[in-house]
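Chemist: Chains as they are written, first to last, in the numbering used here: chain A, 1 to 314; chain B, 1001 to 1329.
Do not rely on the hints blindly, as some may be mistaken.
Anything over 10 Å on all C-beta distances counts as not near chain A; from chain B, calculated [unchecked claim]:
no.: 1; residue: 1020
no.: 2; residue: 1031
no.: 3; residue: 1035
no.: 4; residue: 1078
no.: 5; residue: 1088
no.: 6; residue: 1192
no.: 7; residue: 1195
no.: 8; residue: 1294
no.: 9; residue: 1297
Covered by chain A, according to a simulated footprint, are these stretches of chain B (three or more residues, beta-carbon under 8 Å) [stated by the list, open to error]:
no.: 10; segment: 1049 to 1056
no.: 11; segment: 1095 to 1102
no.: 12; segment: 1269 to 1280
no.: 13; segment: 1302 to 1312
Because the hints were derived from the structure by calculation, they are not lab data. Ideal placement from N, C-alpha and C gives every residue a C-beta, glycine not left out.
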Amino acid sequence: MNTADTATASPVGQLADPAVSTRPGFSTRVVRSLDGGVGKLAVWLLAALWTIPTLGLFISSIRPQQEIRTNGWWNWITDPSQTTFDNYRRVLDTRQNGRPLSHYFFNTIQIAIPGALIPIIIGAFAAYAFSWMHFKGRDTMFLFVLALLVVPLQMCLIPLLRFFTGPFYPDALQGIPMVWFAHSIFGMPICIFLLRNFIGSLPGEVIEAARVDGAGHLTIFTRLVLPLSVPALASLSIFQFLWVWNDLLVAKVFAGRQTNHPMTSAMLNMVGDRGQDWHLLTAGGFVMMIVPLIVFLSLQRYFVRGLLAGSVKG
Amino acid sequence: MIDILPSLLKAGAGVGALLLVMVGLYGLSRLLPDRWRERAQTGVFLFPALVLLLGLVIPAILNLRYSFDNRNGVFSGLTNYKHIFTDRESRIVLRNTLWWALFVTVVSTSVGILIARLADGLRGEPIAKALIFLPTAISMVGAGIIWNFVYSPSDFGLLNSLWRLLPGDQGTQYFLQDRTFFGLRSSWIPGLNSFYIMVVVIWIQAGFATVVMSAALKGVPSDLVEAAKIDGATERQAFFRVVLPYVRGTVITVATTTVITVLKIFDIIQTMGRGGLFDTSTVANEMYRQAFPQNNKGLGSAWAVILFVLVLPIVFVNSWNQRRMREGN
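If we strip away everything but chain B, and leave its shape as in the complex, we get (with noise of 0.2 Å):
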């Protein structure tokens, strides 16, 4: 417990010597003539965000350009890019992290939507929607952990134990290192492993998506379902054709964050697939182990680049989402 104080001091004091020149500065400010005073004063407010933001801005133009060079740090033109299109393994890498963007944000918005609707008004919903939401309290190397013991081939292993119920001699499965997809090697489907780490990320982000859901159900008037109800529509007819698409814009907010959140997973690939091992690695995987145990920054950089080419038109979807949302109010 000692041992970190020092550490925290240190932060602390850096932080109170940066609030003192500021103070400071702004005292200064108070001589200057008014015309000059108030520009001052802006600047001494801005000027440490400033210095953090070119901190994002000058390595972001950087490693665009990083992105042309090979292992080496020579400028080797497109060499990176056409080793991501056309490498074999790097294919692997790009139709992972598609269906993975698909299928954990199909899966867990739906589930969430359904959970959200299902639970609405029941007694303990609060209760049940906590256990649910859970998840997205932990980290992923946690989430990890807890999935990793229940796919073990080990005795203890939750998933093995019942699969060994089932009747016939059951072999032990080893489910996280299972590439296939019942048996068939595609290259454009996923094994299963990596199906079965989705499942872990469907667990966390269903959580995520019951609770915007359930606040944006709630959020309908109720005199549009009685209406539609008295119209002749089923309960279901009225949740499909009233309910949904009077919430169509949350539902939009939640897949479009969920799809970013997916395509930069990396804890998750590197607690279950073994940093990528077993044709599990995704792009945000791939990025890190190019760049740092790989040692090739150029290509690291590459891979940092498609994933900022993935992640862009989903935050365009987003934001004109939530404007379009806000105006709609």
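Isolated chain A (complex conformation) (with noise of 0.2 Å):
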């Protein structure tokens, strides 16, 4: 990285004798495969530790509810003949403030597919403005966006509720659009963000030859610049698409009645009311969590990249 950080490495030779080291003596190199094979059953016990809690609710969502209620789940491991998919059909049949499980399940997907385009289409086009239009304060302008991605969300709370529940904003658009407005403002800092580092840094010429030749801004926006953005648009896709699944305060705040709520929501009722119905708990934990599985899975690169860019998230 730096000097600074190299100049740290030499104090250590003065530690040891280097007659030693240069070839290692019998001891050291028994102790150094020792190290490695502790070092191994240390990484493979730790991933098992990692995966038992879900593995366990997993394992337990296909329990009958007599056996889940009775003994633990590590049981199943010995006896797997009671194997059954009944939690999964009756919970989302479960009906929760009058509705089915499954229509919170729905709920989730409405939320969540416009709450994770809007503002990266929108984020889009002002991510283009930042790189490649001229106008005056651009530069402070876009500051301005980056200090706002200090702003906790619960800052905007309860004004935006006032705002949304006030007389100035339409009644058509009450309960599930005010969370998608809600996660398009608080996902804008964001996007603009990500998305002008990387339309910011595709090749200057590239976009000087197509304006030479003509082109619009519009046209290079669409032509040009959104296919070059596929990789950077999907990471962020992923990361925005999966924050507003697993959301829960957003929605909570602003979703209105209970039957607009996310599936978050309503089995975090479900935790309160049937604390004790752990058959249920258990299958729909895993509905609510099947799509952030597959993703992860599927997409796993995309995941990844998508989560370290979001990690500065506000």
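Dock chain one against chain two, each of which comes alone in its own frame, and use the hints as you go.
Modeler: Right under this line is the structure:
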């Protein structure tokens, strides 16, 4: 990285006798191979430890209600004869505030798709303007957008809700559309920031060449910039989609009536109301996680990239 | 399945209409003289984003103003802030949040470094890392349900079953209701139940730390490590004195990111701490609880400002570090 970092390497050399280390002795080699073995064991132990809670919930979700209640899920491993998908069938019909859980699953889909796409579409236009259009105060304005990354969304919940429930907001857009707007607002700084980083780093000569050929901004944006930005758009979409899918707070505040709430909120109510109905909680929990898990397993590369980039989200 | 179509169509129609208006205005702008055309087109590209950004700026300013109001919306000076720093329950919230930020960050960053180091170059490394990384994909509500199951006092509770294996007559443990720290109830240290919930967030964040650190470790030039070893450094010395200082920037990134996430922790307190009962509340959870269930918007706003003030210095450290890393490369 820099010289200061490499400089710290030299004092190490004074600590040991070089003659010993250039050719490791027998005992050193034993220790080292042991170290490797122990390390390997530790990694797999940790990986197992990390998996057990999720695995436990999954195994429980495919056991009969009576079995879940009376003994631990680990008994299934030695006796997997009692496997059933009843819990899944039952949980989708379980009513929460008068609607089956499947209703809330579809609510989540309704919230997550527009909630992810709207800010990205609008952000892409803005990112293009900040990268390739010339106007006074552009850099100052962009710095201002960056500064907004600092604002925790909690700062905006109460005033935004007042606006949404106030006289200037149309009734036709009550309920789930408020959650879309809220997510679009909260996602705006990060979308502009990440997309500008990407779009701004596209080769200027290509853009200039298109301009010289007489292409306008809209043509360059749709024909050139968007197709080149597909990897960035994909990572950002996945990040924003999962963020909205997993969100509880924004939906709880803005969705209004209980029947507009997403799966996370319905499951939370279930934890409160039916804390003892573990057969429903296990299956419901998995229904809620299934989409993130599929995204994670199938698009892991994009997922990692999106997560790393999005980790600065306010 | 049919239910969701009207709603998605509504969203699609909305976005479509917006795009149509933008394209229409853009088309009109081409009739303008050169000098004005570029400005008009910039306006078209930026306008929707600026409207949404105003939806962030104006509320944030209003929130600051509301934080001086009392429960009935009447200006009452610094009352809310005084309450936050003097009320016994509020101080529990602040205490918990500081412990959360410290404990979860230190442990999950260290665990991340440890796993990244141990797994480096191992056969099956991607699988091991994916298993540890998996919890980052699921929601905090989901994670809460998974771990409620682990901590459950019932027969199927994993920890209680292990606990009963210990010799002697072991009573059932109510892990998530234990507000003492090994029997001690101090105003400086959270109850064990808070730590049990922190474990869950460590479980989530360690995966993030592992993946980021693992990428950084692979970027350390091997000749640097070799040189240190030739100079007589042991494996351990080489790691702590050469490798770790080399990836210092990444460690700071992971730590600051984790602190920011943890300061905003909300869902997990809702799911595992029953919304902050048994002394488990944190700042973000308290903000919600006061503003909505308690319907005290003034106090809720004040908690939001506290959260903002806590996050601010961390974000500065983070961006200072990012800039330093870019310049270093």
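Chemist: Of the hints given before, which are not true for this structure?
Modeler: Of the numbered hints given earlier, those the structure breaks are 9 and 11, listed in rising order.
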